[in-house]
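A.B. asks: In case you want the letters, here they are:
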Amino acid sequence: MMKWLTTIVFLSGCSFNAVQAKPFVFTCEPEWQALAQEIGGDQIRVVSATHGRQDPHFIRVKPSLMSQIKRADLLICSGADLEVGWLPLLLRNGTKKIQAGQPGHVLVSDYVTNIEIPQVLDRSLGDIHPDGNPHVHLDPQVILKTAAIINERLAAIDPNHKTIYAENLKEFESKWLSATERWKSTSASLAGKSVVVQHKSFSYLLKFLGINVLASIEEKPGIPPSARHLAKVVSIIKQNPTLAIIRTPFDTKAPGDWVSEKTGVRLITLPYTVGGLPDTTDLYKIYDQSIELLSN
Amino acid sequence: MAELLDIVLPALLIGLMVSVVHAPLGIEVLRRGIIFIDLAIAQIAGLGFIIAEVLVQSKYIHSEHIHTEHFLSGFSFIPSLGALVFALLGGLLFRYIEKHFPTLQEAWIGVFFVLSASLSILVLSNNPHGDEELKHLLSGQILFATLDDVIFYLPLFGGIFATWMLVPKMRQGLGFYFMFALTITASVQLIGIYVVFASLILPALVTFGRQKPLLYAWLFSSFSIIVGVGLSALLDAPTGPMLVTTYVVLGLLISIKTVIATRP
Numbered sequence: 001m002m003k004w005l006t007t008i009v010f011l012s013g014c015s016f017n018a019v020q021a022k023p024f025v026f027t028c029e030p031e032w033q034a035l036a037q038e039i040g041g042d043q044i045r046v047v048s049a050t051h052g053r054q055d056p057h058f059i060r061v062k063p064s065l066m067s068q069i070k071r072a073d074l075l076i077c078s079g080a081d082l083e084v085g086w087l088p089l090l091l092r093n094g095t096k097k098i099q100a101g102q103p104g105h106v107l108v109s110d111y112v113t114n115i116e117i118p119q120v121l122d123r124s125l126g127d128i129h130p131d132g133n134p135h136v137h138l139d140p141q142v143i144l145k146t147a148a149i150i151n152e153r154l155a156a157i158d159p160n161h162k163t164i165y166a167e168n169l170k171e172f173e174s175k176w177l178s179a180t181e182r183w184k185s186t187s188a189s190l191a192g193k194s195v196v197v198q199h200k201s202f203s204y205l206l207k208f209l210g211i212n213v214l215a216s217i218e219e220k221p222g223i224p225p226s227a228r229h230l231a232k233v234v235s236i237i238k239q240n241p242t243l244a245i246i247r248t249p250f251d252t253k254a255p256g257d258w259v260s261e262k263t264g265v266r267l268i269t270l271p272y273t274v275g276g277l278p279d280t281t282d283l284y285k286i287y288d289q290s291i292e293l294l295s296n
Numbered sequence: 001m002a003e004l005l006d007i008v009l010p011a012l013l014i015g016l017m018v019s020v021v022h023a024p025l026g027i028e029v030l031r032r033g034i035i036f037i038d039l040a041i042a043q044i045a046g047l048g049f050i051i052a053e054v055l056v057q058s059k060y061i062h063s064e065h066i067h068t069e070h071f072l073s074g075f076s077f078i079p080s081l082g083a084l085v086f087a088l089l090g091g092l093l094f095r096y097i098e099k100h101f102p103t104l105q106e107a108w109i110g111v112f113f114v115l116s117a118s119l120s121i122l123v124l125s126n127n128p129h130g131d132e133e134l135k136h137l138l139s140g141q142i143l144f145a146t147l148d149d150v151i152f153y154l155p156l157f158g159g160i161f162a163t164w165m166l167v168p169k170m171r172q173g174l175g176f177y178f179m180f181a182l183t184i185t186a187s188v189q190l191i192g193i194y195v196v197f198a199s200l201i202l203p204a205l206v207t208f209g210r211q212k213p214l215l216y217a218w219l220f221s222s223f224s225i226i227v228g229v230g231l232s233a234l235l236d237a238p239t240g241p242m243l244v245t246t247y248v249v250l251g252l253l254i255s256i257k258t259v260i261a262t263r264p
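Each protein sequence line maps, in turn, to chains A and B.
For the first sequence, the numbering used here assigns the number 296 to the last residue and increments by one with no breaks.
For the second sequence, the numbering used here assigns the number 264 to the last residue and increments by one with no breaks.
Be aware that one or more of the hints could be misleading.
Which bits of chain B does chain A cover? Going by a derived footprint, with three or more residues having C-beta under 8 Å, they are [what the hints assert, rightly or not]:
#1 4 to 15
#2 22 to 36
#3 225 to 239
Just so you know, these hints were derived from the structure itself, not from any lab.
A quick note: this is a predicted structure, and the numbers were derived from the prediction, not measured.
Using N, Cα and C, we set each Cβ at its ideal position, and we do this for glycine too.
Isolated chain A, as found in the complex:
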């Protein structure tokens, strides 16, 4: 009996190891999962800690998450404090190679210039995000830059397949560049218009589209806006032609609904990331859908 048991355990252990040969990429958000998939293709396994309808500020801790972080060869997250509420705790249980300072630890914000970095760090000014706006994936240039970094890191982890990664990168780059041009032309009519946002999640996208942000309703995620702030937002809208109020799929409903009702300005939900809306199946769709929803 024991002999059979040992054999079975040994064999299943072996097959487990054979499967483990693929680089395991742990991403914090689905946009990086999608991007890693574009570069790595079938040569890698990639998971995301959050899915498109979840707020990346928070994490739902399940045993599978712990199992994944213990197997990760490469970590890709947005950084700039977006995941600061949970990533440090999670990393305590992670592999050595994905710890800060290691090549397996990629915080995208470390490689790009964040916008909305406060000029003066003074708590009395309220919302202090010292590293700037973390929602960097909504800038097409950032996606390009990160794709190159992913290629570089995958080639280092898995040199046997580095030509495949390089080819995938080249293909992705050309597709993405032509898509970027397409977006620039289809969104031309939006440039110069103004919107109100529920939270500053879309700053990079709006900058890319040339759209101006008049105000944000809920400055701190989860902390309800004060009456005075809401009154200010409403008065700003009344004084300026506003294209729309925009929010993410995971923003709370009430603040946006309230402002929309008070001002008559339409409220739209943009996908924000892969999986945000039912049809947001890849990175391209994020931009396609956003432009379409804003233009109608």
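Position chain B against the provided structure of chain A, taking the given hints into account.
C.D. replies: Same frame as chain A, but now just chain B:
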């Protein structure tokens, strides 16, 4: 399978360690009828944590200092100290209320529970990560625990347990509130406010009126922890809520059994 065990083992050990101390404390809490004291103390500790953190952050502007040094392995010294100080003050407050307003004690405990919750929101309303701070403080993430945490907290829980068992005088008066505040401050950061409540009250409820309530409370609690953690591993469900559900379901099953058994 071995991998799953490796993942949940620290959570299992933390759960068992905490439940050992919570069993006698919970029995005492139920006996005194001050059920919400654990929620209140946890929330007050949370407020202390946040205030201390905000004060420190105003000196070190970059938030990295606080967030990468987290409370689970005690590196975030000042906020943890703030939590403890506030919890102890809360204990003093509740002792005073017990002495002077014994019949209204529970009501006042509830009052200070909502007060500290509201103050926490007010204090954090200028903090960019306000909601996350609150949520993580109170929901605890037992799965994040490592074996180092078990070793770190063992002396604390061991010490409290030894004091409770060997120094009966500490179970009355200020001693009770002191030990309670100390325990809850630590355990809420490890397992979160709901699991703290469940592990305090359910074992006491289930063994109420029995012979040897403490022994049965330990048995019930340990069993619930093992089943709860096991289920969360098998079903890949968040461990905290699974533990609470397990405690309650098992508690109800045992209570029903007792009710049926004692029918005339």
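A.B. asks: Would you list, in rising numerical order, the hints stated earlier that this structure does not obey?
C.D. replies: 2
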